[in-house]
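Enquirer: Chain residues, written in single-letter form:
Number of protein chains: 2
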Amino acid sequence: MAAASSNTRYGERDDSLLIVIEKGNSISGKFTNNSFKSAPVITAQSHLKECSGKKVVLMINAGNANAGTGKIGAKDVLTCCKSVGQELGISYESVLPFSTGVIGEPLKTKEYLNAFVKASKQLKDNNWRKAAKSILTTDTKPKLLSALIRSGSKKIAITGFAKGSGMIRPDFATLLSFVFIDAKLNKTLLESIHNEALAMSFNRITVDGDTSPNDSSILVASGKAKENIKKGSPVERKIRSSVIEIYKQLAELLIKDAEGATKKITVKVMQAKTKKQAESVAFTVAESPLVKTAMFGNDANWGRILSAIGRSPEVNDVTKTSIYLNEVPLVKYGNLHPKHSESKSSKAIKKKNLIINIKLGLGKTSFSVLTSDFSEDYLLINSDYRS
Amino acid sequence: MAAASSNTRYGERDDSLLIVIEKGNSISGKFTNNSFKSAPVITAQSHLKECSGKKVVLMINAGNANAGTGKIGAKDVLTCCKSVGQELGISYESVLPFSTGVIGEPLKTKEYLNAFVKASKQLKDNNWRKAAKSILTTDTKPKLLSALIRSGSKKIAITGFAKGSGMIRPDFATLLSFVFIDAKLNKTLLESIHNEALAMSFNRITVDGDTSPNDSSILVASGKAKENIKKGSPVERKIRSSVIEIYKQLAELLIKDAEGATKKITVKVMQAKTKKQAESVAFTVAESPLVKTAMFGNDANWGRILSAIGRSPEVNDVTKTSIYLNEVPLVKYGNLHPKHSESKSSKAIKKKNLIINIKLGLGKTSFSVLTSDFSEDYLLINSDYRS
Chain R
20 MAAASSNTRY
30 GERDDSLLIV
40 IEKGNSISGK
50 FTNNSFKSAP
60 VITAQSHLKE
70 CSGKKVVLMI
80 NAGNANAGTG
90 KIGAKDVLTC
100 CKSVGQELGI
110 SYESVLPFST
120 GVIGEPLKTK
130 EYLNAFVKAS
140 KQLKDNNWRK
150 AAKSILTTDT
160 KPKLLSALIR
170 SGSKKIAITG
180 FAKGSGMIRP
190 DFATLLSFVF
200 IDAKLNKTLL
210 ESIHNEALAM
220 SFNRITVDGD
230 TSPNDSSILV
240 ASGKAKENIK
250 KGSPVERKIR
260 SSVIEIYKQL
270 AELLIKDAEG
280 ATKKITVKVM
290 QAKTKKQAES
300 VAFTVAESPL
310 VKTAMFGNDA
320 NWGRILSAIG
330 RSPEVNDVTK
340 TSIYLNEVPL
350 VKYGNLHPKH
360 SESKSSKAIK
370 KKNLIINIKL
380 GLGKTSFSVL
390 TSDFSEDYLL
400 INSDYRS
Chain C
20 MAAASSNTRY
30 GERDDSLLIV
40 IEKGNSISGK
50 FTNNSFKSAP
60 VITAQSHLKE
70 CSGKKVVLMI
80 NAGNANAGTG
90 KIGAKDVLTC
100 CKSVGQELGI
110 SYESVLPFST
120 GVIGEPLKTK
130 EYLNAFVKAS
140 KQLKDNNWRK
150 AAKSILTTDT
160 KPKLLSALIR
170 SGSKKIAITG
180 FAKGSGMIRP
190 DFATLLSFVF
200 IDAKLNKTLL
210 ESIHNEALAM
220 SFNRITVDGD
230 TSPNDSSILV
240 ASGKAKENIK
250 KGSPVERKIR
260 SSVIEIYKQL
270 AELLIKDAEG
280 ATKKITVKVM
290 QAKTKKQAES
300 VAFTVAESPL
310 VKTAMFGNDA
320 NWGRILSAIG
330 RSPEVNDVTK
340 TSIYLNEVPL
350 VKYGNLHPKH
360 SESKSSKAIK
370 KKNLIINIKL
380 GLGKTSFSVL
390 TSDFSEDYLL
400 INSDYRS
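Protein sequences, first through last, are from chains R and C. Per my numbering, the very first residue in the first sequence carries number 20; after that it's consecutive. Per my numbering, the very first residue in the second sequence carries number 20; after that it's consecutive.
The set of hints was computed from the structure by calculation and includes no laboratory data. Treat the hints with care, as some may be off.
Note that identical chains are pooled: a pair holds if it fits in a single copy or bridges any two copies.
Below, computed lysine-lysine pairings styled on BS3-like, alpha-carbon distance capped at 25 Å [to be verified]:
(1) K245 - K283
(2) K137 - K73
(3) K245 - K173
(4) K173 - K369
(5) K94 - K351
(6) K287 - K339
(7) K339 - K149
(8) K295 - K245
(9) K203 - K152
(10) K283 - K68
(11) K101 - K287
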């Protein structure tokens, strides 16, 4: 992999990344559910159908989303795929494009192509940190994680990086994420691991409830091993739990670096009747502007939390609802908790990591969502930045 | 009617209002759909079943919502209803209580009762402005409207006032609204006018997507006339359209005075396949934090609008979508409009009244929503104020 600079939006900062994946790989790709899809997402979805197993190149640019750019945008993607394919001796259909940045401006194709060609001549085995940095937009930090698994005498590396700090909600969330398993797994197995990892991570975070036309998550198995990993084997279970852990941690890094975030908030719903009910309550609370601004203002405002629960379309009874903030009791059976202490809850709310624990008293199902608060900085970032 | 001060949250400002409605009236009440309901809402819903036609008192306090206050809250409401009823010589079941303000704190019953007793001794026929002022919380202005209808030689007055500037979304929105028709209408007819007026007004506005446990809307026909207004008659049609107009204008006043609002934004969806689709698109755009912050920042960011449309669960095709901002073209068929002009759209976005016109190209149904932007003030108000 290698990154270079297009010298456009971010000046000399690297913003153009190539990752070459050798033959024998398996690739699983998941893309935005937004019906407004960027040109690179449409192209990547189509190319992905054909290229698995072949030598493949991931081509990623930051600074321009190439979304809402019509026929010109589609043509620009193709031009880039063709040039990069030629440079690296593969078909243009084996190039998977990804873009992130401003929506609706035409791609500066010449500049980005220059950067990609430059990158194609500097490919290295170990450029992870550079790669993780090159795809950032409003993020303040790269998000890069790695794990090493042992299978007998062999070691299997799992490494991934992601970007995204606004326009984030599930279904599914995150702008771009790339995770690589240095082992041989067939496509079906890889898809099942990818789905499980997403359900446990990017599908449980929300910043603002908005999604983008560019969301893409790629999970790659390099294929570099003799042994084919079998579903249900001890090593497969190790890989699966390690991949899930990496996705969860990437999701957590996204939330910690969410636009303007001053707090990491876990909304943990318990005792729900159904998963749908638990999810609905968790997301209604996590996306309530009044809850998010109260958390920013260090106000343990349980009335807003209870109001958000009460307006969830899946709930018609809050008389069994209890709420705790970092284990400090706030609400019991829909009313002020008899053990409520203003001083204890004021102290709890000032923490940087908050857990809002909601017990609905209606059943046995749980669901958690990770989110951030709404700060003045969120507002300033999003009223200034054209994204 | 008369208002007095409890000398609690707002010092000497009037915060306690009584409105006496004489015998022969019809009253239609609509209350929050939030399953978290305040003690006064529960009581008012129950009392309303019995008291229509009798002499009735509306008893309204601002500063404390009496929500999430459990058995004590329920007892406090009853105490107030009983004392006020006694003072005015009616049953406590003919007193309809309404509260707005902080959630979860016990009502200062003694102080509010003092104010209500004081008010009960100062009742006047024409205290509208004082009444409209006494129910405000974070509102910066009273919202009071009146219309006069002619029916032959007779005049019929329709007067109403409302409060609410945050925790506002449909289903239904507004904290408190009281509208009075000085005529005789039966309950069924009044309900039908109330429903139609709500559908055209408070159910089409949103500030933050949050709702409160205290939302109440009351429509009263005084009954002071010999003639019973008949459904479908010319005068009924006049009254209906005038009531709807007052509700629409009250809703508009709420949005103009929404917490921290610097702009009034109409999201007008056209060419939808179904009403459900039109509504879903309108509310998804109107409640998108990224759209609202862009409007505040004078950024005609159509990418965020299109992204919000695309994530509406009712939409799976944005390739026929066009977007206009105050008639300046932004998007055509899901892409940058060929006639897009950065300077024209920059000029348009700086206006205080914005119309985002979305043509989906999928059918013939329209729906409009009124909303406000997200400003730094919205954030400061809601991170400071315990509501």
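Enquirer: All hints are to be evaluated individually against the structure, with a verdict given for each.
Expert: Taking the hints in turn, this is what the structure says about them:
1. K245 - K283: For K245 and K283, the Cα distance exceeds 25 Å both inside one copy (43 Å) and across copies (64 Å).
2. K137 - K73: within (23 Å within a copy, 85 Å between copies)
3. K245 - K173: within (11 Å within a copy, 95 Å between copies)
4. K173 - K369: neither (46 Å within a copy, 63 Å between copies)
5. K94 - K351: The answer is between: 18 Å across copies meets 25 Å, while 59 Å in one copy does not.
6. K287 - K339: within (16 Å within a copy, 40 Å between copies)
7. K339 - K149: The answer is neither: 51 Å in one copy and 40 Å across copies each exceed 25 Å.
8. K295 - K245: Classified as neither: same-chain Cα gap 43 Å, cross-chain 55 Å, threshold 25 Å.
9. K203 - K152: neither (27 Å within a copy, 72 Å between copies)
10. K283 - K68: Result: close neither inside a copy nor across copies, 38 Å intra and 47 Å inter.
11. K101 - K287: Neither: 47 Å inside a chain and 42 Å across chains, both beyond 25 Å.
The structure fails to meet hints 1, 4, 7, 8, 9, 10, 11 from the earlier list, while all remaining hints are met.
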